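**Q** Chains as they are written, first to last, in this note's numbering: chain B, 45 to 296; chain E, 59 to 221.
Honestly, I wouldn't trust all of these hints.
Below, simulated BS3-like cross-link-like pairs (lysine-lysine); rule was C-alpha separation at most 30 Å, straight line [stated by the list, open to error]: (1) B/Lys252 / B/Lys237; (2) B/Lys179 / E/Lys189; (3) E/Lys136 / E/Lys77; (4) B/Lys153 / B/Lys200; (5) E/Lys189 / E/Lys136; (6) B/Lys153 / B/Lys179; (7) E/Lys136 / E/Lys66; (8) E/Lys124 / B/Lys109; (9) B/Lys229 / B/Lys270; (10) E/Lys155 / E/Lys77; (11) B/Lys237 / B/Lys153; (12) E/Lys207 / E/Lys157; (13) E/Lys207 / E/Lys155; (14) E/Lys157 / E/Lys66; (15) B/Lys179 / E/Lys124; (16) B/Lys109 / E/Lys136; (17) B/Lys229 / B/Lys179; (18) B/Lys179 / E/Lys157; (19) E/Lys157 / E/Lys77; (20) B/Lys179 / E/Lys155; (21) E/Lys124 / E/Lys77; (22) B/Lys200 / E/Lys207; (23) B/Lys153 / B/Lys270; (24) E/Lys66 / B/Lys179.
To be clear, the hints were calculated from the coordinates, so they are not data collected in a lab. All of these numbers come straight from a predicted model, not from anything done at the bench.
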Amino acid sequence: MTQQEALFKYILRLGDNALIHSHRLSEWCSNAPFLEEDLALTNLALDMIGRAQALLQYAGSVEGKGRTEDTLAYRRSERQYYNNLLVELPNTDFAYTIARLLFVSAFEKEYYAALQNSADSTLAAIAAKTLKEIKYHFAHAHDWVVRLGMGTEESKQRVQNAVNDWWMYTSELFEMDETDEQLVKDGIVPDLKALYPAWLQAVTDTLKAASLDVPVSGYMQTGSRKGIHTEHLGHLLSEMQYLQRAYPDAEW
Amino acid sequence: MVTETHTKEEILALLQEIKDPEIPVLSIQDIGMLRDVHITNNGYEVILTPTYTGCPAMGIIEADIKALLETKGISPVKVSLIYSPAWTTDWMTEEAKLKMQRYGIAPPEHSSCGNIAIAEMHVPCPYCGSKHTELISRFGATACKSLYKCEDCKEPFEYFKCH
Ligand SMILES: [Zn+2]
Numbered sequence: 045m046t047q048q049e050a051l052f053k054y055i056l057r058l059g060d061n062a063l064i065h066s067h068r069l070s071e072w073c074s075n076a077p078f079l080e081e082d083l084a085l086t087n088l089a090l091d092m093i094g095r096a097q098a099l100l101q102y103a104g105s106v107e108g109k110g111r112t113e114d115t116l117a118y119r120r121s122e123r124q125y126y127n128n129l130l131v132e133l134p135n136t137d138f139a140y141t142i143a144r145l146l147f148v149s150a151f152e153k154e155y156y157a158a159l160q161n162s163a164d165s166t167l168a169a170i171a172a173k174t175l176k177e178i179k180y181h182f183a184h185a186h187d188w189v190v191r192l193g194m195g196t197e198e199s200k201q202r203v204q205n206a207v208n209d210w211w212m213y214t215s216e217l218f219e220m221d222e223t224d225e226q227l228v229k230d231g232i233v234p235d236l237k238a239l240y241p242a243w244l245q246a247v248t249d250t251l252k253a254a255s256l257d258v259p260v261s262g263y264m265q266t267g268s269r270k271g272i273h274t275e276h277l278g279h280l281l282s283e284m285q286y287l288q289r290a291y292p293d294a295e296w
Numbered sequence: 059m060v061t062e063t064h065t066k067e068e069i070l071a072l073l074q075e076i077k078d079p080e081i082p083v084l085s086i087q088d089i090g091m092l093r094d095v096h097i098t099n100n101g102y103e104v105i106l107t108p109t110y111t112g113c114p115a116m117g118i119i120e121a122d123i124k125a126l127l128e129t130k131g132i133s134p135v136k137v138s139l140i141y142s143p144a145w146t147t148d149w150m151t152e153e154a155k156l157k158m159q160r161y162g163i164a165p166p167e168h169s170s171c172g173n174i175a176i177a178e179m180h181v182p183c184p185y186c187g188s189k190h191t192e193l194i195s196r197f198g199a200t201a202c203k204s205l206y207k208c209e210d211c212k213e214p215f216e217y218f219k220c221h
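Chain B with its partners taken away, still in its complex shape (with noise of 0.2 Å):
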């Protein structure tokens, strides 16, 4: 693989989480508890559409095929898309998806931090504007976490029950390829296994502040770094991509 190559198929990684997350929050708009949590989902879900499409434009200018970040949103089938497991499992309910949120934002908090340093200058400019907006994220997150952990019997086992069915995805957060190694080495990315203890502690922190256990690391699911993924990316990509598959190029 060129560098050229690695470097394309990890932007694609990092749009792709981006996009597909924004996805899945964005199905709250309308249907959130309440109307300020409502817009709160729907303004995570922008700032992550906007982070994707910073990124694919950048995935589609290094790959140098003149593919725009909607050619490679709306034009790629579930097997090229790399974003991790995690992000494209249903919502399931409000518990679930903020859960959800706070392995990813906290996770997404010590990347993008990393980020900021690396050797290449367009990734470090799109990190340190997106590091501004996670740690609203995870913010958000972590205060939904505590105040369900402390609110009813009801809203603590669900949000717990969340915590338990979402741990095995996280592991895959952390996953690295040979893409990985080859950039790592040249200081473009980080070294994701060196964030898993911070990512820890954020996370273990949250969920003592919020009376939940921290599950117990058993089997880990993995599949996106080679693009294998679960049921539910294709019925989502079917949604998401109607429009320009159905109206190929169609424009507001």
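Since the structure of chain B is provided, determine the placement of chain E with the ligand on it from the hints.
**A** Frame of chain B; chain E with the ligand shown alone:
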């Protein structure tokens, strides 16, 4: 080929007319979004930085800039986005903060945004000045604002988040 009939200063002065569509009392200069104007042989380039990566106002602002400069015979105009250095509320002028407050939005409180929890405390009510206020939601009607309520005058208000 552009004959340089318009200086950078002239263009910057003209661009004072371009407002943030979400806070129409503030120009893109006031808010710190307008970074530079380059004049080259190929035309004019206006450099902007987005406040938020997903800010939906960017498209409107870009169109407004092009339309305005066109009417003044300034063309071709290209609007470019840069991400570095990342936009911060620290670039907002004191005058801008005052205008924002008069418009009914509490301006960002702290120059350093390292600690969100501290920056969110005791935001003064833009209507009565009371610091007896409460955060309702970190995310308001637009990405840049949070929702608060004032415990004294009972008015809900928006706070422009520290960023
Ligand atoms: Zn008041």
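**Q** Determine for every hint whether it applies to the structure shown.
**A** Verification of the hints:
In summary, the hint linking lysine 252 of chain B to lysine 237 of chain B is supported, as the alpha carbons are separated by about 23 Å, within the 30 Å threshold. With a C-alpha separation of about 25 Å, the suggested pair lysine 179 of chain B and lysine 189 of chain E falls inside the 30 Å cut-off, and the hint holds. For the given pair, lysine 136 of chain E sits about 18 Å from lysine 77 of chain E by alpha-carbon distance, which is consistent with the 30 Å threshold. The suggested pairing of lysine 153 of chain B with lysine 200 of chain B holds, with an alpha-carbon distance near 25 Å, which does not exceed 30 Å.
Pair hint lysine 189 of chain E plus lysine 136 of chain E does not hold up; C-alpha atoms about 44 Å apart against a cutoff of 30 Å. With a C-alpha separation of about 6 Å, the suggested pair lysine 153 of chain B and lysine 179 of chain B falls inside the 30 Å cut-off, and the hint holds. For the hint pairing lysine 136 of chain E with lysine 66 of chain E, the CA-to-CA distance comes to about 14 Å; that is within 30 Å, so the pair holds. Pair hint lysine 124 of chain E plus lysine 109 of chain B holds up; C-alpha atoms about 29 Å apart against a cutoff of 30 Å.
Simply put, lysine 229 of chain B and lysine 270 of chain B have alpha-carbon atoms about 21 Å apart, close enough for the 30 Å limit, and the pair holds. Note on lysine 155 of chain E and lysine 77 of chain E: the hinted pairing holds, with a Cα-Cα distance of about 15 Å set against a maximum of 30 Å. Restraint check for lysine 237 of chain B and lysine 153 of chain B: the C-alpha separation of about 15 Å stays at or below 30 Å, so the hint holds. Using a Cα cut-off of 30 Å, the hinted pair lysine 207 of chain E and lysine 157 of chain E holds, with the two alpha carbons roughly 20 Å apart.
As the CA atoms of lysine 207 of chain E and lysine 155 of chain E are separated by approximately 19 Å, the hinted pair is consistent with the 30 Å bound. Annotation: proposed proximity of lysine 157 of chain E to lysine 66 of chain E holds, straight-line Cα distance about 26 Å (limit 30 Å). Of the pairs offered as hints, the one joining lysine 179 of chain B and lysine 124 of chain E is violated, with about 34 Å between alpha carbons and a cut-off of 30 Å exceeded. The straight-line distance between the Cα atoms of lysine 109 of chain B and lysine 136 of chain E is roughly 23 Å, inside the 30 Å bound, and the hint therefore holds.
With a C-alpha separation of about 28 Å, the suggested pairing of lysine 229 of chain B with lysine 179 of chain B holds against the 30 Å cut-off. Between the alpha carbons of lysine 179 of chain B and lysine 157 of chain E the distance comes to roughly 28 Å, so the proposed pair stays at or under 30 Å and holds. A threshold of 30 Å between alpha carbons decides the hint, and for lysine 157 of chain E with lysine 77 of chain E the separation of about 13 Å falls inside it, so the pair holds. Of the pairs offered as hints, the one joining lysine 179 of chain B and lysine 155 of chain E holds, with about 23 Å between alpha carbons and a cut-off of 30 Å not exceeded.
Using a Cα cut-off of 30 Å, the hinted pair lysine 124 of chain E and lysine 77 of chain E holds, with the two alpha carbons roughly 13 Å apart. With a C-alpha separation of about 28 Å, the suggested pairing of lysine 200 of chain B with lysine 207 of chain E holds against the 30 Å cut-off. Of the pairs offered as hints, the one joining lysine 153 of chain B and lysine 270 of chain B holds, with about 24 Å between alpha carbons and a cut-off of 30 Å not exceeded. Under the criterion of a C-alpha separation no larger than 30 Å, the hint pairing lysine 66 of chain E with lysine 179 of chain B is inconsistent with the structure, at around 37 Å.
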